[in-house]
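If you read the sequences in order, they're chains A and B. FYI, in the numbering used here the residues of the first sequence are 1 to 178. FYI, in the numbering used here the residues of the second sequence are 1 to 104.
Don't take every hint at face value.
Below, in silico cross-link-like pairs of lysine-lysine (DSS-like), each with a Cα-Cα straight-line distance of 25 Å or less [to be verified]:
hint, chain 1, residue 1, chain 2, residue 2
1, A, K67, B, K99
2, A, K140, A, K30
3, B, K47, A, K23
4, B, K31, A, K23
5, A, K23, B, K85
What the hints contain is simulated information worked out from the structure, not anything from laboratory work.
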Amino acid sequence: MTTTEAAPAVVPDFGDDEAEARKIVFICSKGNLDMAYPALIMANGALTEGVEVDIFFTFWGLDMINKETVDELQFTMLGNTAMHMPGAAWHIPQGLGGLPGMTSFATRMLKKQIAALDVPDVREFITLLHDMGARLWACKMSYDMAGLTDDDLLDEVEAVINVNEFIDLSDGAQVIFI
Amino acid sequence: MALATLNGREVHVDEEGFLTEYDEWDQELAKVLAANIGVELTDAHWKVLEFVREDFKANGATPTLRRVTNVGGIPTKELFELFPKKPAKKMSYVAGVPKPAGCV
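With the rest of the complex left out, here is chain A (with noise of 0.2 Å):
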């Protein structure tokens, strides 16, 4: 529909005027290439919308943010039933999962597509959402289990905390699981 008429400019509504800030929690646990981009993807839209977030990492999703396994999650077709290769409805059965290489091989392709939407890596990406504001945090049973040391997180991380002061800090937002 065109109108010919000029209305008074209508200006966007950004959110500015809000007097509480919409906040938003992200728990990620796994340690699996795919599992690793939910969060990451969507705490990035958070932050561009002015959403306050904060991401706790436990269990295999501190892999996520240790120097030693964030270039080297993987993908695996096992397990997965919806596997198929783009394009194609066909599922590939389950079986070639489990031969040698497989999943490098379907790391490395997960990979270049991510690559491909211009979408940065693991490791890039927490820098973006460190430098956008979140504030990463590790799981401190899951850091005692690995036997990690503060070196072995990346510098974005803000410290290990236990669960209650993970409770405390969730205190009023929107907690997304993964």
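For chain A, the structure is supplied; the task is to place chain B on it using the hints.
Coordinates of chain B only, in the frame set by chain A:
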């Protein structure tokens, strides 16, 4: 699409108030758009706006923040300082282009 009066002339805008005609934008209009959202334009802002407009013209799409940083050379932190809270939407609004469509 509707017509709205901005800076004493009629321009095409969408329902949110974003300009829809690339060529209806000029620097004077940018100052008015910026003032509408409480932003006073400095040289640093102009650098962002110029990149966003040039990139939009070249590629037909509004650059994402990541692209403004990687290709335009403006650090992400700075974008948040220049256009607080919602830099992607705010820079697009002032630059007279649509909101970025990409996710990252």
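Results of checking the hints against the structure:
no., hint, in the structure
1, A:K67 with B:K99, "violated (35 Å)"
2, A:K140 with A:K30, "holds (16 Å)"
3, B:K47 with A:K23, "violated (31 Å)"
4, B:K31 with A:K23, "violated (31 Å)"
5, A:K23 with B:K85, "holds (13 Å)"
In this structure, the hints that do not hold are numbers 1, 3 and 4, in rising order.
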